[in-house]
Amino acid sequence: MDASMKRRYAAMAAALEETDDDNFMDRRKQRSCWVKSWMEEKSLGVQHLLYNKLERDPGEYKRLLRVSNDVFLQLLARTESRLQKQNTNMRRPISAATRLQLTLRYLASGTYISLRFHSLSAR
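Numbering-wise (this note's numbering), the sequence shown opens with residue 173 and increments by one.
Treat the hints loosely; a few may be bogus.
[To be verified] Distance ranges between label pairs, derived from CB positions: (1) L245 with L221: 17 to 27 Å; (2) K257 with L222: 16 to 26 Å; (3) G282 with L222: 44 to 54 Å.
If you are wondering where the hints come from, they were derived from the structure by calculation, not from laboratory data.
Here a beta-carbon is modelled for each residue, glycine too, at the ideal position from N, C-alpha and C.
Please construct the entire structure, taking both the sequences and the accompanying hints into account.
Written as structure tokens, this is what we have:
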């Protein structure tokens, strides 16, 4: 190895030594929260309020989801065990009824964009 190559390696080693941070492993990124504070209370959201009000107006309920409330309840009874997720220490899951409502709304509209106005689950 010639002298110029040794000088290059020495310069690179010196540069690495200057930039080496002993506390690199101690400085970890602050973890973000899993659930945003505005999402903690889903019962106050548009999704919950909208469908509660629509249950009182069968025509609008059927127009929005393309099924009557009775048919919705029958579908929910058949699929609830497969749609319901477990509670965790991190957050409460989206209910089976809400999952089914979102699915029916998607199938009725054919677009995901309309869901963001009706659901807190979209970000």
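Quick rundown of the hints versus the structure:
{"no.": "1", "hint": "L245 with L221: 17 to 27 Å", "verdict": "19 Å, holds"}
{"no.": "2", "hint": "K257 with L222: 16 to 26 Å", "verdict": "22 Å, holds"}
{"no.": "3", "hint": "G282 with L222: 44 to 54 Å", "verdict": "19 Å, violated"}
Going down the numbered hints, you'll see the structure goes against just number 3.
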